[in-house]
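Make the full structure from the sequences, and use the hints.
Residue numbers (the working numbering), protein chains in the order written: chain A, 768 to 1165; chain B, 61 to 163; chain C, 20 to 193.
Mixed in with the good hints there might be a few duds.
Stated by the list, open to error - Here are the simulated distance ranges between beta carbons:
no., chain 1, residue 1, chain 2, residue 2, range
1, B, HIS115, A, MET1079, 49 to 55 Å
2, C, VAL118, A, VAL804, 42 to 48 Å
3, C, PRO137, A, PHE769, 43 to 49 Å
4, C, LYS145, A, THR977, 23 to 29 Å
5, B, GLU160, A, ASP968, 17 to 23 Å
6, A, ILE948, B, PHE127, 17 to 23 Å
7, C, ILE161, A, GLY962, 24 to 30 Å
8, A, LYS856, C, VAL118, 54 to 60 Å
9, C, LYS134, A, GLY962, 46 to 52 Å
10, A, ALA802, C, VAL118, 45 to 51 Å
Calculated directly from the structure, the hints in this document are not laboratory data. Keep in mind it's a predicted model, so treat the numbers as computed, not measured. Here a beta-carbon is modelled for each residue, glycine too, at the ideal position from N, C-alpha and C.
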Amino acid sequence: MFDKLDQIFVTALHWLVSYVPEACRPLASSLICIAFVLSVFPAVFSVTTIFERKGIGRIQNRYGPNRVGIPFTKIRLAGFGQFIPDGVKMLTKEDIVPRAADKVVHFLAPVVMLIPVLLAYAVLPFGKNMTITDYDAGLLFFFAVGGAVELSVFMAGWSSRNKYSLLGAMRAIAQMVSYEIPLILSAVTVVMVVGSLNLNDIIAHQNQYTFGIAHWHVFTPWGLVGFILFFIASLAESNRTPFDLPEAESEIIAGYFTEYSGFKFALFFLGEYLGMFAIIGLGITLFLGGWTSPVSFLTWIPSYVWFFTKLMAIVFVFIWIRATLPRLRMDQLMNFAWKFMLPLALINILVAGIWHYMAADWPRWLVCSAIIFGAYAILGRSLMQNQNFGKRIYRYAE
Amino acid sequence: MSPLQACLLISALLFAIGFAGAVTRRHAILVLIGIELMLNAANLNLIAFWRFSPHPEALTGFIFVLFSMAMAGAEAAVGLALIIAIYRHKKTSNLDEVKELKG
Amino acid sequence: MSPFFIITGFVTLLGAAFAMSLRNLVHCALAMAVAFSGIAALYLQLDAQFVGFAEILVYVGAIAILIVFAILLTRSGEAPEKSVLTSGWMAGIAVSALVFTMLGWAVLNSSAIPKETPPAPVATVKNVGDALMTKFVLPLEIIGLVLTAAMIGAVIIALKEDSQKSKSEVGGYQ
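In structure tokens:
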């Protein structure tokens, strides 16, 4: 019974497509999958904005939005309906374009940001047999469309003819390009051990259970380090705190989307959050087992429930980090990427190689953990030599 | 016209456009853009011939194109570094004005 | 030749034509990015998946960004007032038209071109990896060396000059 529940979306797709004549079946199938992605992920986006505002509010010792329910009715949902008036506000605000702005490029920048991000959802496995296009080189496709987002950031910053927009765009591109390298290198360790770029193969490699616990990559030394590096790099790729210098209000107004208002800003905002979900989805697929369950006695829960649970858990950690950590300065950010994360990612590749070739017994755990810990300690010590920190002072809110 | 001929004509036209731009425009970066378009036309030619070859499982054209892309990246990086260095020295990136070996 | 193929080819050529003829350099760079994506789509239609994705990753994701950064670093963001063409531009266009005519004639009249489409080749990542590691391992290592040399060379060429010299040129600006 649970198998049928697990495959309910796949059977629904086949049933819907069977009503279409034979020739149009691939087109109909793709259109239905596109409709699925376009309806589910903006809904997750709305839920995330509410959780973000309420969560950050609670961490900062205040309530978030707590009044709006369903508009035009008397239902009070304690603030969970906030996304409806937010959406209406963004859609109805006046669309101001600066007089000196380059109109065509200014118009196209949000579109060029949204399209690669939506394309990236095509290779993510949302559940068992639930990948929209199962490319042989799916991981490469994901990183390729991730690289196309940087062009849209430049288009937005340059076309506004605003020196702060341009500065914010340059900083954002430098940050995204720098953090792409540890991102890709930490994904390379997974590819090395699994032997395939296909995301479903990577999940199948993690779908085995020993003593009831799954073989997720995050439970191995190289996988843990890889996951942490991937997590930090994905924080930087999505321009989230502590890496949100290019778009923080107190730094540079809004960076490269200063001159955007109304629907175009809504598209940028949507594109940013959808990019965040896509890259978290990839991290879950590579390191946290995708749609598999962590313990063998919980495999009856449907696979898509596991995927979205893990997605929301990591989104919660993103929100938590946003409310807790201070922002990194631009040079600190770049130093961190090039001097700390890149060597650690390269050493992680070495450790993954050692793991793959040693016998499957306890010595390999010891050797790999020792190498990683040694590298981390040495890198950390040598890079922090010139910092003179005083004693830490804590101040609590009354 | 077979599909191979269509591909080859597209790549020939792309090459001609890239060549026209590289030879006609004055700005150094546009010459570089023209060169990149010519390289891409050659890569397209290689992939078209690989696809329609009698032994595509040898992957020769495929691997050639991968290496060609890597070389194009390296060459673009060095070329752009040169253009930036020349701009810093001569305050112009106009090819008509950078024609003296002195200085 | 499916209509999709014709549209992709047309978009690519249009992007390339705009890249070479617009006055504003940033518009040229963006049109070039469109041309690159068109070429990637053509690769995907020729069953060369890995090369198509690599094209987007390398060209659109890296080379287009490099060119845009160089445009900004050489202050060429605004459209120039004088003519954008060199002095001998007519000869250039004539030669390129001649080149295209020769190539087109050779392609259309060649007898070495097969008439029917062979079955789709199997260019999986595993095959590419095997080929790279067995038959093409020497070019792979050499290209690693070349990329390292190019990276170091580009950094050294574009590095700012001695701070002593720049301070004396600028005066008491600091």
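Exercise for the section: Could you say whether the range 23 to 29 Å given as a hint is met by the Cβ separation of LYS145 (chain C) and THR977 (chain A)? Expected result: Between LYS145 (chain C) and THR977 (chain A), where Cβ atoms are some 27 Å apart, the hint holds.
Practice task
Could you see if the CB distance from ALA802 (chain A) to VAL118 (chain C) stays within 45 to 51 Å?
Solution key: Between ALA802 (chain A) and VAL118 (chain C), where Cβ atoms are some 48 Å apart, the hint holds.
Exercise for the section: Take a look at whether the Cβ-Cβ distance between LYS856 (chain A) and VAL118 (chain C) falls inside 54 to 60 Å. Expected result: holds (57 Å)
Handout entry: Assessment of proposed distance window 24 to 30 Å (beta carbons of ILE161 (chain C), GLY962 (chain A))
Key = holds (25 Å)
Practice task
Please test the hint of 43 to 49 Å on the beta carbon pair from PRO137 (chain C) and PHE769 (chain A).
Solution key: Holds, since PRO137 (chain C) and PHE769 (chain A) (Cβ atoms, about 46 Å apart) stay within the stated range.
Problem - Verdict for LYS134 (chain C), GLY962 (chain A) (Cβ pair) under range 46 to 52 Å - result: Since LYS134 (chain C) and GLY962 (chain A) have Cβ atoms about 39 Å apart, the given range 46 to 52 Å is violated.
Practice task
Using the Cβ atoms, figure out if HIS115 (chain B) sits within 49 to 55 Å of MET1079 (chain A).
Solution key: holds (50 Å)
Practice task
State, for the Cβ atoms of ILE948 (chain A) and PHE127 (chain B), whether the hinted interval 17 to 23 Å holds or is violated.
Solution key: At 21 Å between Cβs, range holds.
Exercise for the section: Check the following: the C-beta atoms of VAL118 (chain C) and VAL804 (chain A) are separated by a distance inside 42 to 48 Å. Expected result: holds (45 Å)
Exercise for the section: Kindly confirm whether 17 to 23 Å is satisfied by the beta carbon distance between GLU160 (chain B) and ASP968 (chain A). Expected result: violated (59 Å)
Checked against the numbered hints above, the structure violates hints 5 and 9; every other hint is satisfied.
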